[in-house]
Amino acid sequence: MKLPKLPAPPLPNALQPRPQRPGEGEKRGPVDHAKEAGISAVDWVDERTSLSGGLRWLMFRKVPKGTNWFYTLGSATMFAFLSQAVTGVFLAMYYRPDAAGGAYESIRYVTNEVFLGEFVRGMHKWGSTVMVILVFLHMARVFFFGAYKYPRELNWIIGAVLLILTMVMSFTGYLLPFDQRSYWATIVGVNINGTGPMVGPFLSDFLRGGAEFGATTLSRFYAIHMLLLPGAIAAMIGAHLYLVAKLGTTAPPWMKSDGDDRLTEDRV
Amino acid sequence: MSDPRKTPKSKYTADRDMPGAFEGETVTRRRFMTLTAHGAGAVAVSAFALPTLGFAAGSALFERPEVQWQSVGAPEDFPSDTYVPKVVTEISGIGEVGKTTVYMRAHNERIDGPVDESVPGTGEFLAISTRCMHLGCPVRYVEASARFICPCHGGVYDFTGAVSGGPPVRPLDRFYVRVQNGQVQVGPRYSVNSEFKRFPSYRDPGQDLDGIGQYLYPGRFSTPKLD
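For the protein sequence lines, the chains are Y and D, in the order given.
Here our numbering is used: the first residue of the first sequence is 1, the next is one more, and so on.
Here our numbering is used: the first residue of the second sequence is 1001, the next is one more, and so on.
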């Protein structure tokens, strides 16, 4: 079966090719050459990947009337995650998951000795709180605007999974400074996991890597925090964004559907 | 089914109008190749997924630690009317993190009743764990009120370790204690329920061991063997 060819989404005015102005004919300065080099490089990639169609599909979408600042909370959450990912990668350059004292010492070194260390660690520490707050604000926006309804239920489910992954991220990251607070908070957190009936005892043993909080607990939390979860979160964000682009966004609940007779109810 | 001469006779292929299906064939070659490709993929994935899963969970759930007995002092060091704090190592190799405080006293006939001789390691001395049975914070013994008090959420235990207030679900854990070569030695941990019934496979804090709780929170496979 031959699929019908869909019209390409329109380019915004700023990106439309402009007609040549009179008298501009042959004069080409270095800016034009640089522009042409850039265009031909992009064209080279596009000719071999056809990426531009997908990018235009993703970025130049029609949004409903009434879209407002509340609709930026999802992007804000994503940028909070990107900030956590980048600062986390650089913190990993100094961190040592060593329960015998090396972990605390490496955090102390980052905070007190490394140039901008306190700043980058502070970004990661406070950014985690910001991310959790943004996740909840984004969720509240979707809930109160009714944006979770058909056909967007699956995106709500993916969002709920992302919320849980963010919480696990916070839980595993809290142990890593390995001071008194993080140690006892993790003891309490693992024991809360252990109170689940039937599976609880095995879950807490799995988290600790044994019956007691031991040498492997810290490295286990570190591996979950920096390898397992970021990959899972990034993949889920990809699916989340795909569905947003595919299904489009909803109008705020206070917007009336004017103009389309098929959508207005007959009053009796 | 245009040409009756080529109609497959086999009941297995009767519903498939597919070239290549012949008499006696139970699965078409196309389906066989599909199954083979999927099967090969499944084998390849389990080849790395199953070992890593076992690696992550196996020793955590099934590895049985060695029983260690640590000397904490002479028998006369421990009175029967108050507790003496002693520090023992639960996990070696990680310094301070692997140590825990144990509150110890001698058996007190008036409070604890007669010694149960049938269980070795639970008779003459009592070693009480500082792990709060609410969520695992460290309790401390307060001499003035003769009670164990938890700083986190206000759990209170009486002189025998039984819950006398707050959120904990069962009495404080205990350790087996033996006397060898004139030294009191502390061994593995065990749990008790509110009637002081002994559970050799110790449970995590927050796990109730009364009534249905003892079945909802099964013991671990890695319980150290005491002998």
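I should point out that these hints are in silico values taken from the structure, not numbers from a laboratory.
A few of these clues could be false.
[Claimed, not checked] Distance windows between CB atoms, simulated:
| hint | chain 1 | residue 1 | chain 2 | residue 2 | range |
| --- | --- | --- | --- | --- | --- |
| 1 | D | ALA1057 | Y | LEU241 | 27 to 37 Å |
| 2 | D | ILE1111 | Y | TYR94 | 26 to 36 Å |
| 3 | Y | MET236 | D | PHE1062 | 42 to 52 Å |
| 4 | Y | PRO197 | D | ALA1057 | 18 to 28 Å |
| 5 | D | VAL1119 | Y | GLY102 | 34 to 44 Å |
| 6 | Y | GLU47 | D | ALA1037 | 28 to 38 Å |
| 7 | D | GLY1058 | Y | LYS65 | 34 to 44 Å |
| 8 | Y | ALA235 | D | ALA1057 | 49 to 59 Å |
[To be verified] With the C-beta cut set under 10 Å, the calculated list includes, among others, these residues of chain D facing chain Y:
| hint | residue |
| --- | --- |
| 9 | ALA1060 |
| 10 | HIS1153 |
| 11 | GLY1154 |
| 12 | GLN1207 |
| 13 | GLY1211 |
| 14 | SER1222 |
[As the list claims (entries may be wrong)] Residues of chain D clear of chain Y, computed beta-carbon distances all greater than 12 Å:
| hint | residue |
| --- | --- |
| 15 | ARG1031 |
| 16 | ALA1047 |
| 17 | PRO1138 |
| 18 | PRO1151 |
| 19 | ARG1198 |
| 20 | ASP1208 |
| 21 | GLY1213 |
| 22 | THR1223 |
Cβ coordinates follow ideal geometry from the N, Cα and C atoms, glycine included.
Okay, the hints, checked on the actual structure:
1. Taken as a hint, the range 27 to 37 Å holds for the pair ALA1057(D) and LEU241(Y), whose Cβ atoms sit roughly 33 Å apart.
2. About 54 Å separates the C-beta atoms of ILE1111(D) and TYR94(Y), a value inconsistent with the hinted range of 26 to 36 Å.
3. In this structure the hint that MET236(Y) and PHE1062(D) lie 42 to 52 Å apart at CB is violated, the actual value being about 32 Å.
4. The hinted range of 18 to 28 Å is satisfied by PRO197(Y) and ALA1057(D), whose Cβ atoms lie roughly 19 Å apart.
5. A C-beta distance of roughly 41 Å is found between VAL1119(D) and GLY102(Y), which places it inside the suggested range of 34 to 44 Å.
6. Range check, GLU47(Y) to ALA1037(D): about 33 Å between beta-carbon atoms, so the 28 to 38 Å window is met.
7. Taking 34 to 44 Å as the suggested C-beta distance range, the pair GLY1058(D) and LYS65(Y) does not conform, at roughly 58 Å.
8. Between ALA235(Y) and ALA1057(D) the Cβ separation comes to about 23 Å, which falls outside the hinted range of 49 to 59 Å.
9. This hint holds: ALA1060(D) has a C-beta 5 Å from the nearest C-beta of chain Y, less than the 10 Å allowed.
10. With a least beta-carbon distance of about 9 Å to chain Y, the hint placing HIS1153(D) at the interface is held under the 10 Å criterion.
11. The beta carbon of GLY1154(D) is not positioned within 10 Å of any beta carbon in chain Y (closest approach about 14 Å), and the interface hint is therefore violated.
12. A distance limit of 10 Å between C-beta atoms decides the matter here; for GLN1207(D) the minimum to chain Y is near 6 Å, and the interface restraint holds.
13. Of the supplied interface hints, the one on GLY1211(D) is violated, with its beta-carbon coming no nearer than about 13 Å to a beta-carbon of chain Y, more than 10 Å.
14. The closest approach between the C-beta of SER1222(D) and any C-beta of chain Y is roughly 6 Å, which is under the 10 Å cut-off, so the hint is satisfied.
15. Distance to chain Y confirms ARG1031(D) as a non-interface residue, since its nearest Cβ pair spans about 24 Å, more than 12 Å.
16. ALA1047(D), annotated as away from the interface, keeps every beta carbon of chain Y farther than 12 Å; the closest lies near 20 Å.
17. Listed as outside the interface, PRO1138(D) is inconsistent with that label: its C-beta sits roughly 8 Å from the nearest C-beta of chain Y, within the 12 Å cut-off.
18. Under the 12 Å C-beta cut-off, the non-interface status given to PRO1151(D) relative to chain Y is violated; the minimum distance is some 10 Å.
19. Once the 12 Å rule is applied to beta carbons, ARG1198(D) is consistent with being away from chain Y; the minimum gap is 17 Å.
20. The Cβ of ASP1208(D) does not lie farther than 12 Å from every Cβ of chain Y; its closest approach is about 9 Å, which violates its non-interface assignment.
21. A cut-off of 12 Å between C-beta atoms contradicts the statement that GLY1213(D) is not in contact with chain Y; the least separation is 9 Å.
22. With a minimum CB-CB distance of about 8 Å to chain Y, THR1223(D) fails to clear the 12 Å threshold, and the non-interface call is violated.
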